[in-house]
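**Student:** Below, each chain spelled out in residue letters.
There are 2 protein chains.
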Amino acid sequence: MTIPAEIDTPEIIIDRDVLQRNIDRMATAVQAKGLHLRPHVKTHKVPEIAEMQLAAGATGLTVATLGEAEVFAEHGAKDIFIAYPLWVGPRQAERLQRLAAKARIAVGLDSREAAETMAASLGDAVGEIEVLLEIDSGHHRSGIAPDAAVDVAHAAARAGLRVTGIFTFPGHSYAPGMPLKAADEERLALGEAADLLTAAGFPITHVSGGSTPTATLTGNSGATEVRPGVYVFGDAQQLELDRCAAEDIALTVAATVVSRHEGTDLIPRRVILDSGSKILGGDRPGWATGFGRLLDHPEARISALSEHHATVVWPAEATLPALGDRLRVVPNHVCIAMNLVDEVTVISGGEIVARWQVAARGRNK
Amino acid sequence: MTIPAEIDTPEIIIDRDVLQRNIDRMATAVQAKGLHLRPHVKTHKVPEIAEMQLAAGATGLTVATLGEAEVFAEHGAKDIFIAYPLWVGPRQAERLQRLAAKARIAVGLDSREAAETMAASLGDAVGEIEVLLEIDSGHHRSGIAPDAAVDVAHAAARAGLRVTGIFTFPGHSYAPGMPLKAADEERLALGEAADLLTAAGFPITHVSGGSTPTATLTGNSGATEVRPGVYVFGDAQQLELDRCAAEDIALTVAATVVSRHEGTDLIPRRVILDSGSKILGGDRPGWATGFGRLLDHPEARISALSEHHATVVWPAEATLPALGDRLRVVPNHVCIAMNLVDEVTVISGGEIVARWQVAARGRNK
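Residue numbers (UniProt numbering), protein chains in the order written: chain A, 1 to 365; chain B, 1 to 365.
Hints may be right or wrong, so weigh each one.
Claimed, not checked - One-sided and incomplete, this derived list gives chain B residues near chain A with beta-carbon spacing under 8 Å:
no. : residue
1   : Thr9
2   : Arg260
3   : Glu262
4   : Gly282
To be verified - Computed footprint of chain A on chain B; a stretch qualifies when at least three of its residues, placed anywhere within it, have a C-beta under 8 Å from a C-beta of chain A:
no. : segment
5   : 77 to 86
6   : 109 to 116
7   : 188 to 197
8   : 301 to 308
9   : 336 to 344
No wet-lab data here; the hints were simulated from the structure.
Glycine residues also receive a C-beta, built at the ideal position from the N, C-alpha and C atoms.
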C-alpha cells in the first residue's frame with residue numbers, strides 16, 4: 001500500500017477493511033466457543049470502533065477507568081465493565097452513580113478494604129453497582145488467590161455490594177510459549193474461585209477472562225465471557241508471538257525517512273524515521289526484536305527509539321530506503337500508540353474515508 | 001508532602017518552587033560558562049514554563065517539531081530552533097514561512113537531499129529560514145560525521161539556504177559513567193566540524209550542544225549554546241544517573257494504592273498503584289532499577305508497569321503502604337509523562353495554585 005499523499009507524517013492510519021475482518025473473526029471464534037465477547041476498548045478508545053464491535057455481536061464493553069466508561073456511556077454503550085480494582089471515594093461514587101443511570105455498570109474489586117470504602121462512598125446507591133472479584137491467575141499484578149475469594153465476597157456482601165462474578169487478566173500470556181500455559185492457569189484459577197463462591201452461596205453469573213493471546217484458547221472452563229482488546233488492530237507483539245499475521249495488522253504509523261546512513265564497521269547502517277516513542281510508544285518486552293516492526297520490510301529492525309526518532313538498522317544485503325521515503329511502522333503495543341494521538345486517519349481500499357477522534361485518550365481516572 | 005485532597009489520581013503535580021529553583025540554577029550555571037541557554041521545551045510543552053525560562057535569561061527555545069514551534073510562536077517566542085532534521089515538503093514549507101513571520105526560525109539538516117528538497121519547497125522564501133547542520137558526536141542517531149559537514153554545507157548554500165551553525169545531541173550521555181565521556185566527544189565533534197566549516201568560508205555563529213546530563217559539562221569547546229530539557233523537572237533517570245537529587249524533583253505523579261499483597265515465597269510482596277504506563281510512560285533503560293521511583297520511599301522498586309497498574313515491590317523489612325494511601329511517583333523519563341496528559345496541577349507551599357495546559361502535547365508533526 002502507498003501512504004496517501006495527503007497524509008503528513010508521523011500519523012496513525014487504520015485500515016477499516018482489515019479492522020472489520022479482525023472484529024468479525026474474533027466475534028465468530030468466541031461465539032463458536034459458546035462465550036460472550038466483551039472487548040476491552042482501552043485498546044482503541046474510539047466510539048466508532050466500539051459500535052463496530054457491538055454490531056458484530058459483542059455483549060458489552062470493557063474499560064479500565066471511570067473516564068473511559070463515561071466516554072463510551074455518553075456514546076450509547078449500555079453494558080460496561082470497569083475491569084480494574086477501583087478505589088472509590090466520594091467523587092468516584094458520584095461518577096459511578098451518574099454512569100449507572102445510563103448503563104449496567106460493573107467494577108472490579110480485590111480487597112475487603114476497597115469493598116467497604118466503595119460501599120460507604122456509594123451510600124444508598126450501593127445496590128446500583130455490580131462487582132466482580134479480581135482473581136490472580138498467575139500474572140501477580142492485582143487480584144487475589146482463588147481461595148481468598150469467599151472472604152472478600154462476604155465482606156462485599158456485608159457492605160451491601162452485589163457480587164455477580166469474577167474476572168482475571170492472564171497478562172503473563174504476553175510472552176513466547178506462554179499463551180497456552182496462561183490459558184490453562186486462567187481456567188484453573190477461575191474454575192476454583194467460581195466453585196468456592198458457588199458453594200458459599202454466591203450466584204456467580206459472570207466469569208470473565210481472556211486477553212488477545214488467550215481469548216480463543218479460553219473455554220470449557222466455566223468462563224462466560226472473554227475480554228480481548230488488541231485483536232482489533234494487531235501489533236508487533238502479537239505478530240512476534242504468532243498471534244496474528246502481517247495481513248491482520250490494521251494499524252500502522254506512517255513515517256518518513258529523515259536521515260540515512262550507510263554506516264561503517266563501527267557505526268550502524270541505518271535510517272531514521274520520524275516515528276519516535278511519542279507516536280509508537282516506548283514499550284519493548286525483553287523478547288521483542290525491537291521497538292516495533294516495519295510492515296513492508298520484515299528484514300529491518302527498530303534498534304532504538306527517541307521521542308521523535310526511530311533508528312532502523314538494515315541488513316547489509318538489502319537496499320536502504322531513500323531519504324523522504326514513507327514507510328509503515330507497526331507499534332509494539334498498539335494500546336499505547338492510540339493513547340498518544342487525538343485523532344487517526346481511516347483508509348479503505350487505499351483511500352482516506354474518515355478521521356476518527358480518539359475520544360477516550362488520556363482518560364486516566 | 002501530602003497530596004492535596006482535591007486531587008484525584010493518577011495526576012501529574014508540578015512543584016512550582018522546585019521548578020523555579022531548577023530553572024534559575026541551570027541559567028546561572030550556563031551563564032557562568034559563558035554559554036547561551038536554549039532550553040528544549042519538548043520536555044514540558046507548557047507555555048508558562050517557557051516564559052519562566054525566558055525570564056531567567058534563556059536566549060530562545062528549542063523544539064522538536066513544527067507543531068511545537070507553532071504553539072510556542074503563538075505564545076510569543078521570538079527565537080526558535082527546531083533541532084530536528086526536518087523533511088520539508090510544500091506543506092511543511094508553508095508552515096515554516098508562517099512561523100518565520102513571527103520569530104527567528106532555524107531548523108536542523110543532515111543531508112544534501114533534505115537541503116535540496118527544503119530549498120525547492122521554500123522557493124523564494126528560502127532565505128527566511130536558517131539551517132544548522134546536525135553532527136553525530138557518538139550517539140549514532142541522526143547527524144553526519146564532522147568531516148562530512150562541509151559537503152552538506154556547500155549543497156545547502158548552493159540550494160540557497162543560510163547555514164549559520166551546527167548542533168549535536170550527545171544522547172549517549174544518558175547512561176551510568178557516560179556524561180563526562182559524551183561531553184568530551186561532543187566537544188571534539190563540534191570543534192572539528194566548526195573548524196572545517198570556518199576554513200571553508202562558512203560563518204558559523206551557532207554551535208549548539210548539551211543534553212541535561214552534559215549541559216554544565218560543556219564549554220571551553222567553541223560551543224555557543226546548550227539545549228538541556230529535563231533539568232526543569234528532573235526524573236528517575238537523572239536521579240539514578242546522579243544528575244539531580246531527590247529535592248530537585250519538581251514533577252511527580254500522584255497515585256493511589258489500589259491493591260495490596262503481602263506475598264508468599266513464590267509471589268512478590270507488592271502494592272499496585274493506579275499510575276500505569278499511560279501516565280508514567282513505559283521507558284526503562286537497561287541500567288534503571290525499575291519503571292520510575294517513589295519519591296518518599298527510596299526502598300521500593302517499580303518492577304512492572306501495565307497501562308493502569310504500577311507493580312511496586314517492597315523489601316521485607318519495610319511496612320507495605322495501606323490500601324487507599326496516596327504516594328508520589330517519579331517517572332523514568334519526564335518528557336514522556338508530560339506528553340500523556342492534557343493538563344497538570346501546579347502546587348506551591350503544598351497548595352494548588354494553578355492548572356497548566358500541556359499546550360504542545362501530541363504535536364508530533
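**Student:** Does each hint fit the structure? Answer for all of them.
**Tutor:** For each hint, the structure was consulted:
1. Thr9: holds (6 Å)
2. Arg260: holds (7 Å)
3. Glu262: violated (11 Å)
4. Gly282: holds (5 Å)
5. 77 to 86: Holds: 3 residues of the segment 77 to 86 of chain B have a Cβ under 8 Å from chain A.
6. 109 to 116: Three-residue rule met by the segment 109 to 116 of chain B, so holds; n is 4.
7. 188 to 197: violated (count 0)
8. 301 to 308: holds (count 4)
9. 336 to 344: holds (count 5)
The structure is inconsistent with the numbered hints 3, 7, although it conforms to all the rest.
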